[in-house]
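Visitor: Now for the letters of each chain:
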Amino acid sequence: MSNVPLAPEQASTIAPKIDLVLYVLTGLSAFFLFAVCAILVFLAIRYRKGTKVNRVIENPDAKALELTWTIIPTIMGIAVFVWTALVYFEYSRPPENAMEILVTGKQWMWKIQHPNGKREINQLHVPLGVPVKLTMTSEDVIHSFFVPVFRVKRDVLPNRYSDLWFEATKTGTFHLFCAEYCGTDHSRMVGQVVVMEPEEYELWLSGANVGVPAASAGEKLFTKLGCVTCHEGTSPRGPALKGVFGKEVQLQTGEMIVVDEDYIRESILNPQAKLVAGYPPLMPTFQNQIREQDLFTLINYIKSMSDEQNAKSGTTS
Amino acid sequence: MSTVAIAPESALMPKRHYANVRHSVASWLLTTDHKRIAILYLVSITLFFAVGGFFAMMVRLELLTPKGDLLDGDTYNKMFTLHGIIMIFFFLIPSIPAVLGNFLIPLMVGAKDLAFPKINLFSWYLYIIAGVVAVTALVKGGVDTGWTFYTPYSSTYAKTEVFLAVSAAFVAGFSSILTGLNFIVTIHKMRAPGLTWFRLPLFVWAHYATSLIQILGTPIIAITLVLVAVERIWGKGIFDPSLGGDPVLFQHMFWFYSHPAVYIMILPGMGVISEVITCFSRKRIFGYEFIAFSSLAIAIVGFLVWGHHMFVSTQSTYAGMVFSFLSFLVAVPSAIKVFNWTATLYKGEITFEAPMLYAFGFIGLFTIGGLTGLFLAAMATDIHFHDTYFVVAHFHYVMVGGMVMGFLCGIHYWWPKMTGRMYPPLLASIAAALVFVGFNCTFFPQFVLGYLGMPRRYHEYAQEFQVLNVMSTAGASILGLGYFIPGVYFIWSLFWGPVAGPNPWHAKGLEWQTTSPPPTFNFEEDRPIVVEEAYAYSIEGAESVS
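Protein chains in written order, with my numbering: chain A, 83 to 399; chain B, 682 to 1227.
Note that these hints are calculated values from the structure, not bench results.
Keep in mind that the hints are not guaranteed to be accurate.
Said to hold, decoys possible - Facing chain B, according to a computed beta carbon distance under 10 Å, are these residues of chain A, among others:
(1) L88
(2) L104
(3) L125
(4) T133
(5) F171
(6) I183
(7) D237
(8) H268
(9) L364
(10) M365
(11) Q369
(12) I372
All C-beta atoms, glycine included, are put in the ideal place defined by N, C-alpha and C.
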């Protein structure tokens, strides 16, 4: 029995904050439960049939009591809500400088791609003490990326990107689970998160199985798929993509939209859905012609085109 | 067995009552008597409970070991899916309303029957048709989507009998809507003279609130399930993104019904507890209006909290915050009920018959179920607990610790009214204790499992989760025994139980003013006239209330 764990390790910066909410909720709940049970048992014994106790009710009006036990739990509930919402807010905002790793879920495995193009399956190596942002998508049904020791979980959806971030605070090998039921081998869609010292991680990254860095692989795809013919320089056929990421553009409907991963993705797979104002509906769809990971590589390349632009304008001004 | 002196049977047991006026099978299958229909429901939901219980047993046996050695992955997935679908749509939702509500609401309001007796019978047939469709799905190979039918898995990927399962839930929904409609009209239009709204038993208030949810919420799930079928059969893109749909839309629509449905599955149980606590402490209920209005508050606010099932689904952070806030608020009316029940015991004259033991069990387990709900309403902790065994433990504490305890409580309380006979009281108390202990042994370890991070719906699991899973399975065997014993003594009681008489508990309420079992039209003489509050109990020597 002594080897039965009662609490999971805390291995991320958010874990102790979430656990603190948990401890306080547990304390409050235990108090209420104990109070209700103790009073119930006390009354049941004291006023059981046959005892000689005073049963005359002096003051049948109990509005004050009702108000007390309505208002106090309400205030406590609101206080806990505010606190827990603040913690959640932190969890839901990845830091600007986070390292980005792509996660693709499919029945029944996790495919991981690191910034330098290195790939792995059902294993995620991350450096200690560095914020890591996972950009996640699914090739089929909904999955959910869950690392108990980090206390993080987010659904992984088809045809959409969701993100999840954490900063590991302990080296070691930890469970990675799929938490959203996804069919036959749902319980085997598991893996490991390996947290390493940053130097070790660098060494590991440059080790075997290094792929082509995402950005240069993206450049190749950009040429190979023919994007380059309409989307470079000033072409009347398609909008230039340099520097566009993160900015607002106007659509033909007059609506403004921020260019983000999801918008670029939609425009590649379903180009006519949200046309930029001033351009004809010429682009063919790439639905079913591009693999999920290539799509991500391509999007990353388009993002990096923007980064260069930003970096340049940053230095010249 | 019992030392209670029993009057001659002839004096207490009416010669003719609803159950023996006619004996043919057709007289049962074509009856419009609400009491006979309640018995039809009782028999059918008990059968479904046994089937759902069998699937639960298979799940618990598989989870004895970390490896999937008893069942393969697909079979296991079908087991927990069928357990969920059958227990929710075919046991919990109809349990108290369709059996006890059906039997008691006309008696409690002093009416001859429900407002629409034929529709009442029709509801039962719809339920049976739905049940037959569900069993067909089971026989043809089962279904493996989980009772939540999440898309696009259910609409595109699953290769099992999703269409039949969805149809079964769809048809069962109409049965539920019609029952709710019948109750609402009956409660509005058919109360006995003098029976004002604030003299109604709280059981009736609870069913009124339940019925509101049933008629307002159930159509949404019906539409949603139709859309899943449309996508599955005709390939129209509604939820599957590869067809142009949105999978999260399904979750919104599903939980818009299925969260309020949780209250369909608990409010009637709360109604039972209010009746039983007052009877066995010989006290008026404490805070009548607060309990009555808290039922309505639950029914209304309960419609606005569905998004707390979706904090990690990529729902917007701000939407999540609104849902979280409202979820904290919806806990307050439940807390009010618990406090009022407890306060009712004060200066009472308490006895510990089996129904009262179940009522105490209900209060303890429901309190744990409700409080652990806060861990899931709190967004920070929900990130970790979502889709783990913590959630499984939480909703079993509410659904089984709450509603099944409430159902057993009610059945033990009104059994003498329904059958005219008593059951062995000591054995009933032992069974109640077994259910309580077995339940806690089964589900408490699952809170810890969830905190450790074991996801739900896992056929295989990591080694370190085994000890707690073994504890849970061991507890389940005690729980199973606790459920089996009442089945045996209730059947015994039907034939050989001591005759109960019209009011064995000396309880208040119109249902106790007629014979046990009641005649076909409920009251032999004229309609009863109500002249006092509900629960007008009094204790000798304590009358001098200032």
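Visitor: Hints the structure violates: just list their numbers, smallest first.
Guide: Hint check: 6, 9, 10, 12 fail, others pass.
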